[in-house]
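Engineer: Protein chains in written order, with the working numbering: chain R, 1 to 52; chain B, 1 to 725.
FYI, nobody ran anything at the bench for these hints, they're computed from the structure. Just to be clear, a hint being listed does not mean it is correct.
Here are a few chain B residues that sit away from chain R, every Cβ distance over 10 Å (derived from the structure) [stated by the list, open to error]:
1. Gly-85
2. Asp-305
3. Ile-497
4. Arg-587
Pairwise CB distance ranges, derived in the manner of DEER restraints [unchecked claim]:
5. R/Leu-42 <-> B/Ala-488: 38 to 48 Å
6. B/Arg-510 <-> R/Glu-45: 58 to 68 Å
7. B/Thr-143 <-> R/Leu-17: 51 to 61 Å
8. R/Val-3 <-> B/Ile-359: 45 to 55 Å
9. R/Pro-34 <-> B/Ser-351: 40 to 50 Å
10. R/Glu-45 <-> B/Glu-96: 22 to 32 Å
11. B/Leu-705 <-> R/Val-3: 23 to 33 Å
12. B/Ser-137 <-> R/Leu-42: 43 to 53 Å
13. R/Ser-11 <-> B/Ser-257: 24 to 34 Å
Nothing here was measured: the structure is a model prediction, and the numbers come from that model. Yeah, the Cβ is synthetic: ideal placement off N, Cα and C, and Gly gets one too.
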Amino acid sequence: MNVLVYLIPISIFLGGLGLAGFFWSIRSRQYDDPDGDAQRILTGEYDDHPKP
Amino acid sequence: MSEVQISACPACVAAPAAEETAHARDVRDARFVLSLPAIYCAACISGVERELTKQPGVRAARVNLTLKRAQVEADEDVSVDALIGALTKAGYEAYELDASAISATETDKKGRAILTRIAVSGFAVMNVMLLSIAVWSGASDVTRDMFHWVSAAIALPAIAYAAQPFFGSAWTALKAKRLNMDVPISLAILLAGGMSLFETIESGQHAYFDAALSLTFFLLAGRYLDYRTRSVARSAAEELAALEVPRVTLVDGTVISIKDLAKGALVRVVPGARVPVDGIVVEGASELDRSLLTGESLPVETGVDSIVSAGEVNLTGPLIVKVTAAGEDSSLHRMADLVAMAETSRNKYTSLADRAARIYAPTVHLLSLAAFIGWMVATGDLRHSINVAVAVLIITCPCALGLAVPAVTTAASGRLFRAGMLIKSATAIERLAEVDTVVFDKTGTLTEGKPELANLRDIPPHARSVAMALAAGSAHPLSGALFEATKAADIAPAPVIEIREVPGQGVEGRLGDQTVRLGRATWLNAMALSQTATYLKIGEEAPIAFTFIDHLREGAADAVAALKRQGMDVVLLSGDAPAAVADIAHRIGIEAWDAECLPEAKALRVAELTRSGRKVLMVGDGLNDTAALAAAHVSISPASALEATRVVSDMVLLGKSLAPIGEATRVSVSATRRIKENFNIATLYNLVAIPVALAGYATPLAAALAMSASSITVSLNALRLRGKS
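So here's chain R without its partners, still in its complex pose (with noise of 0.2 Å):
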């Protein structure tokens, strides 16, 4: 059973990674426009860089 302390850890840190990434996410306002975002994925204008 000793496994488990390593187990246990990695299995919280990984949990918190993703509870860091939301609240990235909804810290960078990934949520203020569903519609929106849903659509854009089908424009043919990419931004993938910053606008100048």
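Following the hints, complete the assembly by docking chain B onto the known chain R.
Structural biologist: Here is chain B on its own, set in the frame of chain R:
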């Protein structure tokens, strides 16, 4: 985001500073918010953004499709009109929104705070559940104790943070010596956490950390649904208000905000514009449409020294008005304040959820107390008795009850929003379901307040073409309607020359050597009819009357028919003249009608109906309806209504059509049925779970199963509302 203090990453610690600098930069920029009601697709988004960024001086433009808005950051010298013009030319309908009336960031903050709490409790519940499953499947002794300790380490801080909204609300209720749903919720969460910690310290068998957390998680999800529904409605309502940018034009042509307007200032009101202030006319003559204030469809003559009030619409000539009261002091606003006071009387309505909480909370607390006393008497074992009592509290905890109402109202409001109806009040759907009598206003509600020529066939042909020629030279709504009707009948205008508008009277021109005039009865020495009419005089011939009827609003007949099919009594109350009201009532199929109602009479009539046990739905748009709207059980107003009127209403129709009203009553009835079903489902679960808990057989596993199963059933039941239409 002052409420979220967890810095999940080093970058987030630096974020506030970055936000501050960004804000400092914004101050120098002009920021516009545009409303784009017609956009719906990916091409619209990129089209609008491309068009906006192409304009000189525009730095950035971002479309929000969910809110149907665009935010533009531009240099200070960019004018909104240029942007709107460019968008209109490109085929996108656009309006300016008053940025100060939209508090989007404020509401977003609250939504994000709830989301963060959901995330924290979700994270915690997943990890703790993982450990709990190991315990349930047989971990024992030291391993079990260690798992319990790890669970405690995750669960206790998570509960302390995520469940704060419940603790706060429960504390406020207790301070006011009331019981709400949050009291048993908070008690269950706190006791479950506390007892589990005690059991862990004593290396006991059962810990309820997972139950406490999943309870928090599910209930927060319900909170969030509730919040979303209301914030969508709120932002749409804000948008309606923000569309009326409060500006006035002074005599010298400068445009200023109504807030900066001083008493005694001279304000110009062009034809077609709404009078922005209370005042006295000092120059000009015109006709005023007062239908929003009084319900009369006939325009009122006005001239020097006439008193005008905010909310009236200037029809023919330009007016210069000396301000006697503006903004907050205007009669329009005073009326709105009165209404706000009347509205509190309706807040006495107790929602289904509150009624359920009133029965539920004491029952559960008594049951749990009884369990404790019973086991204490039977065994004398304090620890076991407390365990059973807490298990009863946890297992009966209103997880499903907490979701029962928000899940349904979210589904129902979403469906009605798509049909073009905005639900402003949280309990409006429940109240609408009880309605058995519908009272309509006429002008502006059943009718568009737009005249339609009624007697073209009775007019001699040569008069038709002369009238058409004269009507083309005027902006008056009656002229417009006359011109439209003659054009539709393929009449060619007579060669009338020297057409000029006589402000407040009508239009005059010359046909050959005869003077021809189209206008008011008094101007032409004609006998005035009792209905809306304009008169034509050719030379010295007898005047000819053109009569008008009100154009019915789209979907009005459908809505009335649908309501009647649902077995409701439909009543028409109007401030207009009897002939006009009778005509509309007949055309639309309403038997019960009343004309020349003063605002108080309307409210009185509604109150009378209420006293005789009726639940009244009032549909109206004018200021003269506001008292009646506030007195009714539930109220609806069209988007074209004055802001004061929309504020009192529980629901606002977003489109032009009245047809969604029929749908709304139907949906609200089935929504209320779903809510009651959900309560029944929750009760059913409790009927099974409570005896088990009372007998002392409840385990954390049983609690988790009961809670999840009931929550999911309730949510699925609510989703049934969305499907078929």
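Engineer: Evaluate each hint against the coordinates.
Structural biologist: Status of the hints after comparison with the structure:
| no. | hint | verdict |
| --- | --- | --- |
| 1 | Gly-85 | holds (24 Å) |
| 2 | Asp-305 | holds (53 Å) |
| 3 | Ile-497 | holds (55 Å) |
| 4 | Arg-587 | holds (40 Å) |
| 5 | R/Leu-42 <-> B/Ala-488: 38 to 48 Å | holds (42 Å) |
| 6 | B/Arg-510 <-> R/Glu-45: 58 to 68 Å | holds (59 Å) |
| 7 | B/Thr-143 <-> R/Leu-17: 51 to 61 Å | violated (26 Å) |
| 8 | R/Val-3 <-> B/Ile-359: 45 to 55 Å | holds (51 Å) |
| 9 | R/Pro-34 <-> B/Ser-351: 40 to 50 Å | violated (28 Å) |
| 10 | R/Glu-45 <-> B/Glu-96: 22 to 32 Å | holds (26 Å) |
| 11 | B/Leu-705 <-> R/Val-3: 23 to 33 Å | holds (29 Å) |
| 12 | B/Ser-137 <-> R/Leu-42: 43 to 53 Å | holds (47 Å) |
| 13 | R/Ser-11 <-> B/Ser-257: 24 to 34 Å | violated (58 Å) |
Hint check: violations occur at hints 7, 9 and 13; the rest are consistent with the structure.
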